[in-house]
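Chains A and B, in that order, are what the protein sequence lines are. Using the UniProt record's numbering, the first residue of the first sequence is number 1, and each one after it goes up by one. Using the UniProt record's numbering, the first residue of the second sequence is number 1, and each one after it goes up by one.
Hints listed in this document are in silico derivations from the structure and should not be mistaken for laboratory results. Be careful, since some hints might not be right.
[As the list claims (entries may be wrong)] List time: in silico SDA-like cross-link candidates among lysine to any residue, alpha-carbon distance up to 20 angstroms:
{"hint": "1", "chain 1": "A", "residue 1": "Lys5", "chain 2": "B", "residue 2": "Ser195"}
{"hint": "2", "chain 1": "A", "residue 1": "Lys5", "chain 2": "B", "residue 2": "Leu106"}
{"hint": "3", "chain 1": "A", "residue 1": "Lys5", "chain 2": "B", "residue 2": "Val192"}
{"hint": "4", "chain 1": "B", "residue 1": "Lys47", "chain 2": "A", "residue 2": "Leu126"}
{"hint": "5", "chain 1": "A", "residue 1": "Lys5", "chain 2": "B", "residue 2": "Ala189"}
{"hint": "6", "chain 1": "B", "residue 1": "Lys47", "chain 2": "A", "residue 2": "Leu127"}
{"hint": "7", "chain 1": "A", "residue 1": "Lys5", "chain 2": "B", "residue 2": "Gly193"}
{"hint": "8", "chain 1": "A", "residue 1": "Lys5", "chain 2": "B", "residue 2": "Tyr33"}
{"hint": "9", "chain 1": "B", "residue 1": "Lys47", "chain 2": "A", "residue 2": "Asn61"}
{"hint": "10", "chain 1": "A", "residue 1": "Lys5", "chain 2": "B", "residue 2": "Ala95"}
{"hint": "11", "chain 1": "A", "residue 1": "Lys5", "chain 2": "B", "residue 2": "Thr199"}
{"hint": "12", "chain 1": "A", "residue 1": "Lys5", "chain 2": "B", "residue 2": "Gln198"}
{"hint": "13", "chain 1": "A", "residue 1": "Lys5", "chain 2": "B", "residue 2": "Met197"}
{"hint": "14", "chain 1": "B", "residue 1": "Lys47", "chain 2": "B", "residue 2": "Tyr33"}
{"hint": "15", "chain 1": "A", "residue 1": "Lys5", "chain 2": "B", "residue 2": "Gly98"}
{"hint": "16", "chain 1": "A", "residue 1": "Lys5", "chain 2": "B", "residue 2": "Lys47"}
{"hint": "17", "chain 1": "B", "residue 1": "Lys47", "chain 2": "A", "residue 2": "Ile17"}
{"hint": "18", "chain 1": "A", "residue 1": "Lys5", "chain 2": "B", "residue 2": "Trp94"}
{"hint": "19", "chain 1": "A", "residue 1": "Lys5", "chain 2": "B", "residue 2": "Trp115"}
{"hint": "20", "chain 1": "A", "residue 1": "Lys5", "chain 2": "B", "residue 2": "Glu187"}
{"hint": "21", "chain 1": "A", "residue 1": "Lys5", "chain 2": "B", "residue 2": "Glu108"}
{"hint": "22", "chain 1": "A", "residue 1": "Lys5", "chain 2": "A", "residue 2": "Ile17"}
{"hint": "23", "chain 1": "A", "residue 1": "Lys5", "chain 2": "A", "residue 2": "Thr21"}
{"hint": "24", "chain 1": "B", "residue 1": "Lys47", "chain 2": "A", "residue 2": "Leu133"}
[Unchecked claim] To list a few chain A residues with every Cβ distance to chain B over 10 angstroms, as calculated:
{"hint": "25", "residue": "Asn61"}
{"hint": "26", "residue": "Ser145"}
{"hint": "27", "residue": "Ala198"}
[What the hints assert, rightly or not] Label pairs and their calculated CB-CB ranges:
{"hint": "28", "chain 1": "B", "residue 1": "Thr42", "chain 2": "A", "residue 2": "Leu50", "range": "44 to 54 angstroms"}
{"hint": "29", "chain 1": "A", "residue 1": "Asp161", "chain 2": "B", "residue 2": "Ala14", "range": "46 to 56 angstroms"}
{"hint": "30", "chain 1": "A", "residue 1": "Arg97", "chain 2": "B", "residue 2": "Ala282", "range": "45 to 55 angstroms"}
{"hint": "31", "chain 1": "B", "residue 1": "Ala99", "chain 2": "A", "residue 2": "Arg97", "range": "28 to 38 angstroms"}
{"hint": "32", "chain 1": "B", "residue 1": "Glu187", "chain 2": "A", "residue 2": "Ala57", "range": "56 to 66 angstroms"}
{"hint": "33", "chain 1": "B", "residue 1": "Ala46", "chain 2": "A", "residue 2": "Arg229", "range": "25 to 35 angstroms"}
{"hint": "34", "chain 1": "A", "residue 1": "Ser263", "chain 2": "B", "residue 2": "Leu61", "range": "26 to 36 angstroms"}
{"hint": "35", "chain 1": "B", "residue 1": "Ala48", "chain 2": "A", "residue 2": "Thr21", "range": "57 to 67 angstroms"}
Built from N, CA and C at the ideal position, the CB exists for glycine as well.
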Amino acid sequence: MSLAKAVVARILTYVGIALATGFFALPLLWLLSAPFDDSPSYGVHWPSHLTLHNFAALGHNPYAFGSLVNSVLLGAGTMLLVVVVAALAAYALSRVRIPGRDALLYGLLLLSSVITGTAAMVPIFLLIFQLGLIDSRFGVVLVLSGGLLPAAIFLLKDFIDTIPRSYEESARVFGATPLQILRHIVVPVARPGLATIAVWTVVQVWGSFLTPFILLRDPDKQPAAVLVRTFYTEGGSPNLALISTFSLLYSIPVVLMYLFAWSRYGFRFHGGIKS
Amino acid sequence: MVGLGRSRAVAFVAPALVLIGVFLVFPAFWTLYIGVTNYRLTGAAAKAPEVVGLDNYRGVLSDPAFYRSLWLTLIYVLVSAAVGQNVLGFGLAWALRGARRAIRRLIESLVLLAWVLPSSVVAFLWIAMLDRDAGTVNMLLGQSPGTAWLVQYPMTALVVFNIWRGTAFSMMLYSAALSSVPPSHLETARVVGSSTMQTLRDVVLPHIRRHALTNTLLITLWTFNDFTPFLLTAGGPDHRSEVAPVYIYNTAIVGGDMGYSGAVSLVVLLINLLLALVYLRAARAGRSS
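When you get a sec, could you build the whole thing from the sequences and use the hints?
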């Protein structure tokens, strides 16, 4: 390659990188400028007056704070259910040789990627409707758990497989019951694996829109993902001060959770298991 | 077996199987039944749905609205994921390979942020950016009143949005894949004077072929099932951006026609199954070779 050609290639690469940076940064800028602007508009511009009073507007909306609490409740509820149920199942599947175990695990994992929120929207809605769980946060937790459990069990089993069995054997010699062994020996050793699953579950639930959107009608029960769509002024136009501040507050936890997970587990945290 | 009898093991696995069975597996099979009934959300058919045989399937297969939504979905998936995210993701991974650490970190963070933020939030960021009167895009183009992008070009807007939203996964996967290409091979290619295109084709591609296949199948599956277009355009204007997930929502939850939407859902389930099986096959072939 001649020198001139190399220089041109270099310049093209830099122009390409600059364009890509602009493309990815442009939509995000609004999330940083609008919340602090005393008269936010759709366009991105440097706030004429920096202010924090938009955040006070959150307090005037009767549902804003409650919806964040709902997001926490859905996230925590699903996380507890998934971690406990997946840990029990993964431990048993790791330690007991059941015929067809691997086929079962792969089958469930396959199903969980095939039966997505979109494809199962109709039967899930009817099922929850028949069970009388429309407008129940518990119903949402059950549906979300069902979808997340196969991947959680799969990942946890891999993790528990690497724990040597000799600890458990000696505990058994001293007369510990299986539940005691699980609680006092397996859980402490498997803690990093359990923490990964816990963070992963909360991240999935925090951003999920479709399931709570079709199953929860009462704004008192809706999580942030769903409620943010209802922030309009009396005139019917979107309340930009409210939307921007709320979006920022709602986004921060998930960004922090990702930073935490990536710093500890790297990109593998998400490789192929985003649903 | 460590002190955990078979009966206890079953008791440990049971809660998981019940939850998965009731809320994941049962709904999928129930779709088969719903699709052959005239189930509606309201009215007489809501109380006592009747089996109508294959009527729904006949209806679906002769409905231009169904074919339109499949066609829009195909465009959305092919252009935004299979081509857009794939090419941009690889391009970024390739270009950033030799970039300075600070630049690399900055761009990776921006791309990842687009992927990590909740869909309700990013959807509104794009609605704001593409707004006709005050949106940033029209402001940069110097038009006022400008183009109503989401109304005049809804599919183009969705495609560009999804490239922005999902490129992170391809970028990360390809950067991991590229690090597995032996530097000595690249060096040899440079010394014998092959062009970038030749190097990519003869040196890089053989090493990343499997990653490319994995990546394409996964992002295809995710984009195919992505409900975010609803948050941007809700399928409008006039159904012009009604991709399959939005079509199901509009006929089932808005229109109340569960039987008909059940039949459409089955089509989506089958396409998902096909994609997943191809993926598993490819993964297995890769492992045994």
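So, going through the hints one by one against the coordinates:
| no. | hint | result |
| --- | --- | --- |
| 1 | A/Lys5 with B/Ser195 | 11 angstroms, holds |
| 2 | A/Lys5 with B/Leu106 | 28 angstroms, violated |
| 3 | A/Lys5 with B/Val192 | 16 angstroms, holds |
| 4 | B/Lys47 with A/Leu126 | 12 angstroms, holds |
| 5 | A/Lys5 with B/Ala189 | 17 angstroms, holds |
| 6 | B/Lys47 with A/Leu127 | 14 angstroms, holds |
| 7 | A/Lys5 with B/Gly193 | 13 angstroms, holds |
| 8 | A/Lys5 with B/Tyr33 | 64 angstroms, violated |
| 9 | B/Lys47 with A/Asn61 | 39 angstroms, violated |
| 10 | A/Lys5 with B/Ala95 | 17 angstroms, holds |
| 11 | A/Lys5 with B/Thr199 | 16 angstroms, holds |
| 12 | A/Lys5 with B/Gln198 | 16 angstroms, holds |
| 13 | A/Lys5 with B/Met197 | 14 angstroms, holds |
| 14 | B/Lys47 with B/Tyr33 | 16 angstroms, holds |
| 15 | A/Lys5 with B/Gly98 | 18 angstroms, holds |
| 16 | A/Lys5 with B/Lys47 | 74 angstroms, violated |
| 17 | B/Lys47 with A/Ile17 | 59 angstroms, violated |
| 18 | A/Lys5 with B/Trp94 | 18 angstroms, holds |
| 19 | A/Lys5 with B/Trp115 | 35 angstroms, violated |
| 20 | A/Lys5 with B/Glu187 | 18 angstroms, holds |
| 21 | A/Lys5 with B/Glu108 | 28 angstroms, violated |
| 22 | A/Lys5 with A/Ile17 | 18 angstroms, holds |
| 23 | A/Lys5 with A/Thr21 | 24 angstroms, violated |
| 24 | B/Lys47 with A/Leu133 | 18 angstroms, holds |
| 25 | Asn61 | 16 angstroms, holds |
| 26 | Ser145 | 6 angstroms, violated |
| 27 | Ala198 | 16 angstroms, holds |
| 28 | B/Thr42 with A/Leu50: 44 to 54 angstroms | 51 angstroms, holds |
| 29 | A/Asp161 with B/Ala14: 46 to 56 angstroms | 21 angstroms, violated |
| 30 | A/Arg97 with B/Ala282: 45 to 55 angstroms | 29 angstroms, violated |
| 31 | B/Ala99 with A/Arg97: 28 to 38 angstroms | 50 angstroms, violated |
| 32 | B/Glu187 with A/Ala57: 56 to 66 angstroms | 59 angstroms, holds |
| 33 | B/Ala46 with A/Arg229: 25 to 35 angstroms | 27 angstroms, holds |
| 34 | A/Ser263 with B/Leu61: 26 to 36 angstroms | 51 angstroms, violated |
| 35 | B/Ala48 with A/Thr21: 57 to 67 angstroms | 60 angstroms, holds |
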